[in-house]
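Participant: Residue strings, one per chain:
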Amino acid sequence: ETGVTQTPRHLVMGMTNKKSLKCEQHLGHNAMYWYKQSAKKPLELMFVYNFKEQTENNSVPSRFSPECPNSSHLFLHLHTLQPEDSALYLCASSPIPGDEQFFGPGTRLTVL
Amino acid sequence: AQSVTQLDSQVPVFEEAPVELRCNYSSSVSVYLFWYVQYPNQGLQLLLKYLSGSTLVKGINGFEAEFNKSQTSFHLRKPSVHISDTAEYFCAVAGGFKTIFGAGTRLFVKA
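Respectively, the protein sequence lines represent chains R and H. Numbering-wise (this note's numbering), the first sequence opens with residue 148 and increments by one. Numbering-wise (this note's numbering), the second sequence opens with residue 494 and increments by one.
Any given hint could be a false lead.
[As the list claims (entries may be wrong)] Listed next, the in silico DSS-like pairs over lysine-lysine satisfying Cα-Cα at most 25 Å (straight line): (1) H:Lys591 to R:Lys188; (2) R:Lys183 to H:Lys591; (3) R:Lys187 to H:Lys591; (4) R:Lys169 to H:Lys591; (5) R:Lys183 to H:Lys542; (6) R:Lys199 to H:Lys603; (7) R:Lys188 to H:Lys542; (8) R:Lys183 to R:Lys199; (9) H:Lys603 to R:Lys187.
[To be verified] Residues from chain H shown here face chain R by an in silico Cβ test under 10 Å; the list is partial: (10) Ala510; (11) Thr579; (12) Phe583; (13) Gly588; (14) Thr592.
The set of hints was computed from the structure by calculation and includes no laboratory data. Note that CB positions come from ideal geometry on N, CA and C, so glycine has one too.
Take these sequences, add in the hints, and give me the full structure.
Facilitator: So, in structure tokens, the structure goes:
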């Protein structure tokens, strides 16, 4: 596969569940990002990783926990989410932070 | 710190008409500027970018944008739109390794 892939594409979970979103990039990039996209709201940057190190946490609640085991993989672990966390979660990568970003197709998350 | 303002949340236009999507930014450092497009149920993809050099930048699908430093603008234009251009368009500014996205402009092309 090429580009940025995200799994699953759709996820429905209850407020007490624990789930994880996965992102993988095959572009040799060093920076990876998680964004939240809600209806009628601007794209919200959640986390930035550069060379596997977290360089930005945009005041994200602790029920969202990122993990970057290597430069190609990025996870977002979810637990005890709220209905207002329902959104499209987008992963992106770039050669370095501030450069052109390549986006995955997103995971559509619904919290019941 | 940077900020981006997309002046129109929605732009309806008839097919084959010209369109301009407006973007203004502010930054205390030199910036890179981007336009991305998002089609339904997809992630964002790059339309064009300005890094340096010529202020008129050409992108994919017949789009172009002009960097105007004095007006801190980076408006996106297309001389003749198609139904398939219906999508959400995002302006973004990057400076000091941080990228800020605008709120998006929904372009709706009518037959």
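Participant: Quick check: which numbered hints come out false for this structure?
Facilitator: 6, 10, 11
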